[in-house]
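Kindly produce the complete structure, drawing on both the sequences and the hints.
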Amino acid sequence: NAGVTQTPKFRVLKTGQSMTLLCAQDMNHEYMYWYRQDPGMGLRLIHYSVGEGTTAKGEVPDGYNVSRLKKQNFLLGLESAAPSQTSVYFCASSRDGFNQPQHFGDGTRLSIL
Amino acid sequence: LAKTTQPISMDSYEGQEVNITCSHNNIATNDYITWYQQFPSQGPRFIIQGYKTKVTNEVASLFIPADRKSSTLSLPRVSLSDTAVYYCLVGDQGGGYNKLIFGAGTRLAVHP
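First to last, the protein sequences are chains D and F.
The opening position of the first sequence corresponds to residue 1 in the numbering used here, with each subsequent residue numbered one higher.
The opening position of the second sequence corresponds to residue 1001 in the numbering used here, with each subsequent residue numbered one higher.
Treat the hints as calculated values from the structure; they're not laboratory data.
Do not take every clue at face value.
Here's a subset of chain D near chain F, in silico, CB distances under 7 Å, partners left out [claimed, not checked]:
(1) A24
(2) D26
(3) L45
(4) F90
(5) F98
(6) P101
(7) F104
(8) G105
As the structure is a prediction and not an experimental result, all values here were calculated from the model.
Even glycine gets a Cβ: it sits at the ideal position worked out from N, Cα and C.
This is the structure:
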């Protein structure tokens, strides 16, 4: 089992460009999450989903959009990238609740110039 | 928002037992306590979860006193590979996303 897979692993964008980060899980989990982690800090929740076709805002949703068209995939979009969005992005999934152990991908390092 | 407090950093030596304490004074009745480990350039990895008393698995133990206002992650006989950041989370099934708070965590450095 691959667990949680994130693509791409690295990306450099120019200010104003758009891109989509893909997260795929093969554990049949209902809940999926997108976090960002800045240097020396913990993770902050951007958006989450409690099931196929659902999405909801987390702690820091501004500038991001998400979609969960298929249960196994959770996409994070940046419509107009800004330097403040330079960060490491982590996707995670949990079986069926916020208190269930989360399984994380290895992250996407995104730099906005 | 649910809030936890952990030491910013700790140092230890190989072979020693390490105890990392997390304070969560406003823990709610239905909240579970979960610990994660994060290595550089990797996502956090689930270590252990508990509700009360003591939980033990193959890598760690979790001690939770009766009032549940704190918890202690115990790592027996640490090795250099245990150098990582450790996060404590408090939350419940229906508590919503606002309890998914990964603070700065505790940076554990294990020395030879």
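Now the hints, each set against the structure:
no.: 1; hint: A24; result: violated (14 Å)
no.: 2; hint: D26; result: violated (16 Å)
no.: 3; hint: L45; result: holds (5 Å)
no.: 4; hint: F90; result: holds (5 Å)
no.: 5; hint: F98; result: holds (5 Å)
no.: 6; hint: P101; result: holds (4 Å)
no.: 7; hint: F104; result: holds (3 Å)
no.: 8; hint: G105; result: holds (5 Å)
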